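Trainee: Here is what each chain is made of, one letter per residue.
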Amino acid sequence: MSAVPTDTSLKRVPLHDLHAELGAKFVPFAGYEMPVQYKLGVLGEHLHTRTKAGLFDVSHMGQLRLRGANPAAALETLVPGDIQALKPWRTRYTLLTNDQGGVLDDLMVTNLEDHLFLIVNAATKDADIAHLKIHLAGQATVEPLPDRALLALQGPAAASVLSRIAPSVAAMAFMTAADVSFDGIECFVTRSGYTGEDGYEISVPGMQAERFARMLLAHEEVAAIGLGARDSLRLEAGLCLYGHDIDETTTVIEADLAWAVGKRRRTEGGFPGAAIIQRQLVEGAPRRRVGILPEGKAPAREHTEIRIGDGSAGQSNPEPGTKKIGEITSGGFGPSQGGPVAMGYVDAEYAAVGTAITLVVRGVARPAQVVALPFVPHRYFRG
Amino acid sequence: MSETRYTKSHEWIRIDGDNATVGITAFAAEALGDVVYVEVPAAGKALAKGKEAAVVESVKAASEVYSPVTGTVTEGNQALADDPALVNKDATGDGWFFKLTLADTSELADLLDQAAYDALVAESH
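These protein sequence lines are chains A and B, in that order. Residue numbers for the first sequence follow this note's numbering, so the first one is 1 and each next one is one higher. Residue numbers for the second sequence follow this note's numbering, so the first one is 384 and each next one is one higher.
Simulated from the structure, these hints should not be mistaken for laboratory data. Misleading hints may appear alongside valid ones.
Stated by the list, open to error - Derived BS3-like pairs (lysine-lysine); straight-line CA-CA distance at most 25 Å:
1. B:K391 with A:K25
2. A:K11 with A:K25
3. B:K472 with A:K25
4. B:K482 with B:K432
Unchecked claim - Only part of the chain A face toward chain B is listed, based on derived beta-carbon distances under 10 Å:
5. A20
6. L22
7. K25
8. P28
9. A30
10. H46
11. H48
12. K52
13. G228
14. A229
15. S232
16. R301
17. P340
18. R362
Predicted model only: the values in this text are computed from it and were never measured. We treat Cβ as the ideally placed atom computed from N, Cα and C, and that holds for glycine.
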């Protein structure tokens, strides 16, 4: 067992002191000192979010505005999503692609009429900003918002809690946005999240983030939740973690994110890697991201080797568990599932739900099955 | 009379003559968080001092548990398979990992006594 090293060069989020007061354990993440868990612990925080409401600080993520004559058309030169069809105050998930159809980042885009609001990953935000500036020069300007905090309130009680402070948020549907004042704090709110639960992401001026967070934490349903539970929640919800489940080497189609390629964009193209993505949409990709349910109780972590066969010899399976067909990209214990859950990439011929596979965990072959995602059904509020 | 020694990697070993019981310390269990899976060695397995002997997993990560001494496993704690949370509830009692027969009692001299381990933990805070 080894200790986590401390690093004094890490950046701090506006709520750092509040996290410390709440008993957070901090870890370095994407250059920030971030709360990985509080006193409830990862297991308790995960289950609390699924039954009540969890408050997450994701202020390390990048928030930016994209302005220009037609910022949607400009952004479409870098993403496969149909951004021009995005109605005002609607939010969409999309991807910055590279020339190989791989993923530079995944992001949320909201149409705020005279500009677009983007939320990007923490580890990639500097590269994203540079990428947008270089490729959209002359078409759109990029305005990073480093002074804003970003909080997420997630779980079945999120709507009732938040609407006690500002009743208008109750009627917001999943993937819509609004400017909302919470006791005089002007926020930008989307009904979205990264847990599979109903909830909101709230962009709040950094200076007022602590007062806002305390306002939420005053409700008995709300507990502070760290990055540990955020990861197990999103894994059960089947959502990709950038740098693990998707990266520059995984194409959008391999990642099973074809739904994020707009219908018009499939025929028109006009984004990096379009030719490869269009071809894979027709012919299929050589490998696919799938859900993986290990049998038994042993978690199978990232980089666990996946082999074909259930490990038992037979006519249909002359060489049990000998051929490598892929690797797990996210795996662990799912507290709501009550057992191990994982996702990973397998060769396309083995991607069908129900396929028996073998996971090599610490040298031991363990049976598992390809399953449909998510492990825990999404509970978004569709209005 | 049994006595307890510790490793720098946060295992405890309770020694009773040539036999001993091994687990992870309450400090280690607290640092790991909620334990969700434990893999203990089977009886008869030969363990080497400082080498991997068992695995303990939290929601977040898997960690190795090292054998404090060289010896042969006489029993793995099967109760941990059904209730891994025993490690958090009672790290130095019901949450034990395995029992073994010592190959060389002179190895015990390399281990930390209670005062030395307490000092190590105090430094980690």
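Trainee: Now tell me, hint by hint, if it's right for this structure.
Mentor: Hints versus structure:
no.: 1; hint: B:K391 with A:K25; result: holds, 22 Å
no.: 2; hint: A:K11 with A:K25; result: holds, 15 Å
no.: 3; hint: B:K472 with A:K25; result: holds, 20 Å
no.: 4; hint: B:K482 with B:K432; result: holds, 14 Å
no.: 5; hint: A20; result: violated, 14 Å
no.: 6; hint: L22; result: violated, 16 Å
no.: 7; hint: K25; result: holds, 8 Å
no.: 8; hint: P28; result: violated, 14 Å
no.: 9; hint: A30; result: violated, 16 Å
no.: 10; hint: H46; result: holds, 7 Å
no.: 11; hint: H48; result: violated, 13 Å
no.: 12; hint: K52; result: violated, 18 Å
no.: 13; hint: G228; result: holds, 5 Å
no.: 14; hint: A229; result: holds, 8 Å
no.: 15; hint: S232; result: holds, 5 Å
no.: 16; hint: R301; result: holds, 6 Å
no.: 17; hint: P340; result: holds, 8 Å
no.: 18; hint: R362; result: holds, 7 Å
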